[in-house]
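Two chains, each in its own frame: build the complex with the hints.
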Amino acid sequence: MTWIVPGGEPFLLPGGDTGCLVLHGFTASPQEVRQLGEHLAARGHTVLGPRLCAHAVSPKDMLRSRWTDWLASALDGYHLLRGACNRVVALGMSLGGVLAFHLAASREVAGVVAMSTPFAAPRDPRLRLLRLVSPLVRFVPKGPPDWRDPSAGAGRVAYRVYPVPALAEVEKAILAMRGRLRRVACPVFLMHSLEDVFVPPENMEAIFAALPEGDKQMLPIRHSNHVITLDSSRRQVFDAAAEFVARVTR
Amino acid sequence: MTLLMPGAEPFYFPGGRTGCLLIHGFTGTPREMLFLGRHLAGEGHTVLGVRLFAHATRQEDMLRARWRDWLASSEDGYHLLADACDRVVVIGLSMGGILALLLAAQIPVAGVVSLSTPYDNPDPRMRLRPVAPLLTLFWRFGRKGPPDWHDPSVAADHLEYPLAPVRGAVELHDILAELRLRLAEVTCPALIVHSHGDLSVAPWHAEAIAARIGSADKRVVWVTDSGHVVTRDAERERVFAEVAAFVRRVGAAAA
Numbered sequence: 001m002t003w004i005v006p007g008g009e010p011f012l013l014p015g016g017d018t019g020c021l022v023l024h025g026f027t028a029s030p031q032e033v034r035q036l037g038e039h040l041a042a043r044g045h046t047v048l049g050p051r052l053c054a055h056a057v058s059p060k061d062m063l064r065s066r067w068t069d070w071l072a073s074a075l076d077g078y079h080l081l082r083g084a085c086n087r088v089v090a091l092g093m094s095l096g097g098v099l100a101f102h103l104a105a106s107r108e109v110a111g112v113v114a115m116s117t118p119f120a121a122p123r124d125p126r127l128r129l130l131r132l133v134s135p136l137v138r139f140v141p142k143g144p145p146d147w148r149d150p151s152a153g154a155g156r157v158a159y160r161v162y163p164v165p166a167l168a169e170v171e172k173a174i175l176a177m178r179g180r181l182r183r184v185a186c187p188v189f190l191m192h193s194l195e196d197v198f199v200p201p202e203n204m205e206a207i208f209a210a211l212p213e214g215d216k217q218m219l220p221i222r223h224s225n226h227v228i229t230l231d232s233s234r235r236q237v238f239d240a241a242a243e244f245v246a247r248v249t250r
Numbered sequence: 251m252t253l254l255m256p257g258a259e260p261f262y263f264p265g266g267r268t269g270c271l272l273i274h275g276f277t278g279t280p281r282e283m284l285f286l287g288r289h290l291a292g293e294g295h296t297v298l299g300v301r302l303f304a305h306a307t308r309q310e311d312m313l314r315a316r317w318r319d320w321l322a323s324s325e326d327g328y329h330l331l332a333d334a335c336d337r338v339v340v341i342g343l344s345m346g347g348i349l350a351l352l353l354a355a356q357i358p359v360a361g362v363v364s365l366s367t368p369y370d371n372p373d374p375r376m377r378l379r380p381v382a383p384l385l386t387l388f389w390r391f392g393r394k395g396p397p398d399w400h401d402p403s404v405a406a407d408h409l410e411y412p413l414a415p416v417r418g419a420v421e422l423h424d425i426l427a428e429l430r431l432r433l434a435e436v437t438c439p440a441l442i443v444h445s446h447g448d449l450s451v452a453p454w455h456a457e458a459i460a461a462r463i464g465s466a467d468k469r470v471v472w473v474t475d476s477g478h479v480v481t482r483d484a485e486r487e488r489v490f491a492e493v494a495a496f497v498r499r500v501g502a503a504a505a
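Residue numbers (our numbering), protein chains in the order written: chain A, 1 to 250; chain B, 251 to 505.
A portion of the hints provided could be inaccurate.
What the hints assert, rightly or not - Residues of chain A clear of chain B, computed beta-carbon distances all greater than 10 Å: (1) R51; (2) C186; (3) P201.
To be verified - Covered by chain A, per the in silico footprint, the following chain B stretches (three or more residues, Cβ under 8 Å): (4) 255 to 263; (5) 457 to 466.
What the hints assert, rightly or not - Take a look, some chain A residues computed to stay more than 10 Å from chain B by CB distance: (6) R66; (7) A152; (8) A168; (9) R182.
Bear in mind the hints are in silico, worked out from the structure with no lab data behind them. Nothing here was measured: the structure is a model prediction, and the numbers come from that model. We treat Cβ as the ideally placed atom computed from N, Cα and C, and that holds for glycine.
Same shape as in the complex, but just chain B (with noise of 0.2 Å):
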């Protein structure tokens, strides 16, 4: 049986008093974020990855998703995490990072890691909003954009859903509303990482985060060789360093 797209499954990797939640993005998998997990745990912090409901199962599934619901994946995911730490760092890729907002406005955590993550959505069709739960019964899969891998290599091994459910691109307008009334609630140190190599989410979402973010302790880090996923692609290795560093200190901070 698998109900669970094999090779997709969220992880968890015992290790010292720090822990890092790492959570996936939209139509995303817990495989985007396995490889900084690994890296993370070798240097010695708890890690755990969640998989967001809905994801790495069937992408009819997501037609019933809520952002609320991902969001309490998230946060199931803190909870298991701040049983076996001292002390939590957030860090998501893409719709991942706005959770991982979104649960350090609500929660104290050590501190967040956005990486890829959108600030609004500039689609032009989000005015049909109001009518979407109509439209969405017919309009069900729309096609996603080209993909933008830097290393090509990485996507034969790339898990996630062909098609972007409509429904779910209606709950990420409605979640990034919400966390433009949240941002400014983010007080514990950020890390925001973005790629100029970004085609789906432009490098101004990563300066408008940064711009309206309530934390005093932010930092902006900027990759080039690299598309949207930059937890996966060519200058990971750049990422996976930037993002240790940054538990290293601000896990020693809260210790």
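Chain A with its partners taken away, still in its complex shape (with noise of 0.2 Å):
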């Protein structure tokens, strides 16, 4: 018996001297952005997934989590990522990509990949409500799956239910972030998709402008939902994502 719920282990691909540090998006696991790190792995860079705290466990386990704890995680990923390579690029998925951004203004990075990231909260005027109501009810369940690619289920290592208090700790995360971006010095490369109905792709244009001048680019991916590292789409995403690593570290 063990606690990692089977398919949501971090994963470590041993590689050269430029690191991949891949982070998942929030209730989901390493299994989320594993496809792209082995495709990273495969133009042969080191990548590493963490586990974020309290993901791919039990949703109740959740129930205590701060976001800095989640930042810890993947500050924890880039540490041990360097003790390998010689510099790191930050890949992120949704909440996974507000931590890169945290991780880029504090930490040497050679770019971020922020995928289908959040730049406010998510707009469903039942959050606010359950935040009323948290004390009671602790969990909310999710909404039906919307893939393109309905394959792209498959596999899947998320909790089928958000933890309420969690939801307030991802805005935290968020507002977080939005102080910090304005320090990040590295080049930056958004995608996210247009048909994204869980963080609209305005999302997208909003953390682009809150961007300091310099190396940005956005790519506006189609055929996906939320989960662009997984709909049918995916491998656009990840020839893209190799592609800035390549640029960024060459």
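So, in structure tokens, the structure goes:
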């Protein structure tokens, strides 16, 4: 018996001098970015996909989480990678993108790839209501899946519910990120699905606008839901990410 | 931003096909395993030192920690190392030794090393365990025992929380119960290291672990010129050499 849900384990793919830190999103697991990691490892990079604290165990464990626990998990991954690599590119999916920006503001990174990353907390009025009743309602079920590629959900390791107190922590992480975007000095690459109904694509433009002038790019993705690392346009996402990593570490 | 204590970050040294997973102790940091880690990396092994949840950040984080978080942190390290190596030896200090033994009971590892590891919690205050969830709401931190360094120069750059979080002590109590339940399920080669000069975990704990562990291949190594933190104290070089010899032997046997 182990504690981490099978399939949701963190991973380390040894390779060259460039390290890719791949960060999964809220209530998901390293499984969400494993294919992306394998794609980058096939290009010769060292890849590490940490498990953010309280993910891929039990949703109950997340009731105790603070967003800084998740950032600490990302920092752990960064420091482990630095033991094997000269430079690190931080890639993150959704909340993982938020953490990648936090990392870039406090550690030396060669670049940031932020995928489906929020600039504002999801505007669901239910969430405000939930805050009021959170001492009573601890979990709220997720909506139905909206994969373009129905096979993309196979093998997914993610909680089926949102732990309500953790939703407020996600919001704190986003607000703290906003204050730090100005200090992101490395090249940044943003990808977002135009069909993302969970975190609308306007978030990408808002992040882009908040970043300082410099090496920054946006790539809108089609035929995908929020999870662009798994849905039908994933190949395009992997190739674009690998191209960016190659460019900023050349 | 200093979310992690500078100098106390987790570490990874790539190397050969044998991986050494290093797990620090309760309220400690990866730094107490760093010097052993460097020694093992020098022997050609791949080494990974995990940071346990709520450690090396702020001691208030410990109030939210449960022992299954620490086991999950250890398991993270195992999975990362297992990806990079053919076999893994798990090595833990104090509570890290408990976690190493619990991992060894669940996961096929090449060997396990427990250093200064307790077997039981003889604190009579633990009779209050049933009311601990209430009690720890207002009784949050306790004092630690007196330092027992034999090499006081090490204390200067040792990093750990200054206080003992009471809720954490309760979790330590609970994980020890789990250890006693699982110890017979540990069957891999085992090395148990303990100092006669350990003032926080008395030497009889090492004997109790050796007596109840399921392993046929087991050995207790005693040191004398050291306090609880045998990985850093005066006799550390001897501890490093004993652990390295064990890793070399079980690594070769598992190859």
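Does the no-contact call for A152/A survive, Cβ to all of chain B over 10 Å? At about 23 Å from chain B, A152/A clears the 10 Å cut-off, so the statement holds.
C186/A non-interfacial with respect to chain B [C-beta, more than 10 Å]: holds, 16 Å
Is R182/A truly not at the interface, in the sense that its beta carbon sits beyond 10 Å from all beta carbons of chain B? holds, 14 Å
Taking 10 Å as the cut and beta carbons as the points, is A168/A off the interface with chain B? Non-interface label stands for A168/A: nearest chain B Cβ at 15 Å, farther than 10 Å.
Between the stretch 457 to 466 of chain B and chain A, see if three or more residues pass the 8 Å beta-carbon test, and mark the coverage as holds or violated. violated (count 0)
The stretch 255 to 263 of chain B covered by chain A? Criterion: 3 or more residues, Cβ-Cβ distance below 8 Å. Held - the stretch 255 to 263 of chain B has 5 residues with a Cβ nearer than 8 Å to chain A, which meets the minimum of three.
Decide, holds or violated, for the assertion that all CB atoms of chain B are farther than 10 Å from the CB of R66/A. violated, 7 Å
Least C-beta distance between P201/A and chain B, which was stated to exceed 10 Å: holds, 29 Å
Beyond 10 Å from every chain B Cβ - status for R51/A: Answer for R51/A: violated, closest chain B Cβ roughly 6 Å.
Checked against the numbered hints given earlier, this structure breaks hints 1, 5 and 6; the rest are met.
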